[in-house]
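Student: Make the full structure from the sequences, and use the hints.
Taken in sequence, the protein lines are chains A and B.
Counting in my numbering, the final residue of the first sequence is number 113, and the numbers go up one at a time with none missing.
Counting in my numbering, the final residue of the second sequence is number 1109, and the numbers go up one at a time with none missing.
Incorrect hints may appear among the rest.
As the list claims (entries may be wrong) - To spell it out: a stretch of chain B is covered by chain A in this simulated footprint if at least three of its residues, at any positions, have a beta carbon under 8 Å from a beta carbon of chain A; those stretches are:
1) 1025 to 1036
2) 1081 to 1095
3) 1098 to 1109
To be verified - Just some of the chain A residues that point at chain B, by a computed CB distance under 8 Å:
4) 42
5) 43
6) 50
7) 54
8) 56
9) 65
10) 89
11) 91
12) 99
13) 101
14) 102
15) 103
16) 104
17) 107
The set of hints was computed from the structure by calculation and includes no laboratory data.
Bear in mind that the values here come from a model prediction, so they are computed numbers and not experimental data.
For every residue, glycine included, the Cβ atom is placed at its ideal position computed from N, Cα and C.
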Amino acid sequence: GAGVSQSPSNKVTEKGKDVELRCDPISGHTALYWYRQSLGQGLEFLIYFQGNSAPDKSGLPSDRFSAERTGGSVSTLTIQRTQQEDSAVYLCASSLAQYRTQYFGPGTRLLVL
Amino acid sequence: GIQVEQSPPDLILQEGANSTLRCNFSDSVNNLQWFHQNPWGQLINLFYIPSGTKQNGRLSATTVATERYSLLYISSSQTTDSGVYFCAVATGTASKLTFGTGTRLQVTL
Chain A
1 GAGVSQSPSN
11 KVTEKGKDVE
21 LRCDPISGHT
31 ALYWYRQSLG
41 QGLEFLIYFQ
51 GNSAPDKSGL
61 PSDRFSAERT
71 GGSVSTLTIQ
81 RTQQEDSAVY
91 LCASSLAQYR
101 TQYFGPGTRL
111 LVL
Chain B
1001 GIQVEQSPPD
1011 LILQEGANST
1021 LRCNFSDSVN
1031 NLQWFHQNPW
1041 GQLINLFYIP
1051 SGTKQNGRLS
1061 ATTVATERYS
1071 LLYISSSQTT
1081 DSGVYFCAVA
1091 TGTASKLTFG
1101 TGTRLQVTL
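Tutor: Quick look at the structure:
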């Protein structure tokens, strides 16, 4: 079956611009996660959605970062007023339920110039 | 928060050799996964193993939850096994994964 998909694959933007990253989870998966991978920080958690519960936003690094999940499926991660330190690979994962195996998408490579 | 340590940080093997990668964690876990990140950056799930032993072909994993460590065994290594291996855990009521810093494996001919 289809895995987790993300778009765009690559994004180059100028400092100060807003960007939107999209994630399509595996069909039927109720849990959706965003992580990012950067050279200096390794792999780190950003935000988690589970069904209709309030999201766990504890990993968002600043209020410039936000995410939403519409209809329990597709999710969008928005970064406002991008900074050079936001350059990283943004990874989305989904799982059938809480505490189950997380499956990762191919990531979006963001470069802020 | 929970600490995850992986060893060794780097490993070079000749094709056909066996290896053991270790993951130590500082608290009880409700999820432990091993991933292989290939040269294109894709994170591939190898095992979901918060406790016990599992095997999949040339790979196997064991987690001893009471002693807070997990081992990933790679037998008869192949060049396609090259990449970075990550251990990731979740603890308490949280679902978010905390990743180790990885073991970079290079398999040579």
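Student: For every hint, state whether the structure bears it out.
Tutor: Hint check results:
Check on the segment 1025 to 1036 of chain B: 4 of its residues sit with their Cβ under 8 Å from a Cβ of chain A, so the three-residue criterion for coverage holds. Counting residues of the segment 1081 to 1095 of chain B whose CB lies closer than 8 Å to any CB of chain A gives 5, which reaches the minimum of 3, so the coverage claim holds. Residues of the segment 1098 to 1109 of chain B lying with their CB closer than 8 Å to a CB of chain A number 4, which satisfies the three-residue condition for coverage. Using the Cβ-Cβ criterion of 8 Å, the hint placing residue 42 of chain A at the interface with chain B is satisfied: the shortest such distance is roughly 6 Å.
Interface restraint check for residue 43 of chain A: the shortest CB-CB distance to chain B comes to about 4 Å, inside 8 Å, so the restraint holds. Among the interface hints, the one on residue 50 of chain A holds; its C-beta lies about 7 Å from the nearest C-beta in chain B, closer than the 8 Å criterion. Contact between residue 54 of chain A and chain B, as hinted, is not supported at the beta carbon level, the nearest pair being about 13 Å apart and thus beyond 8 Å. The interface hint given for residue 56 of chain A holds, since its Cβ lies 7 Å from the closest Cβ of chain B, which is under the 8 Å cut-off.
Because the beta carbon of residue 65 of chain A sits about 15 Å from the nearest beta carbon in chain B, more than 8 Å, this interface hint is broken. A least Cβ separation of about 6 Å between residue 89 of chain A and chain B falls short of the 8 Å threshold, and the interface hint therefore holds. Against a cut-off of 8 Å between C-beta atoms, the interface hint on residue 91 of chain A holds, since the closest Cβ of chain B lies about 7 Å away. Because the smallest distance between the Cβ of residue 99 of chain A and any Cβ of chain B comes to about 5 Å, under 8 Å, the interface hint for this residue holds.
Hint status for residue 101 of chain A relative to chain B: holds, with the closest Cβ pair at about 4 Å, below 8 Å. Annotation: interface hint on residue 102 of chain A holds; nearest CB of chain B at approximately 6 Å, less than 8 Å. Evaluation of the residue 103 of chain A hint against chain B yields a held restraint, the C-beta minimum of about 6 Å falling below 8 Å. Taken as an interface hint, residue 104 of chain A checks out: its beta carbon lies about 4 Å from the nearest beta carbon of chain B, inside 8 Å.
Because the beta carbon of residue 107 of chain A sits about 6 Å from the nearest beta carbon in chain B, less than 8 Å, this interface hint is met.
Hint violations for this structure: numbers 7 and 9, all remaining hints satisfied.
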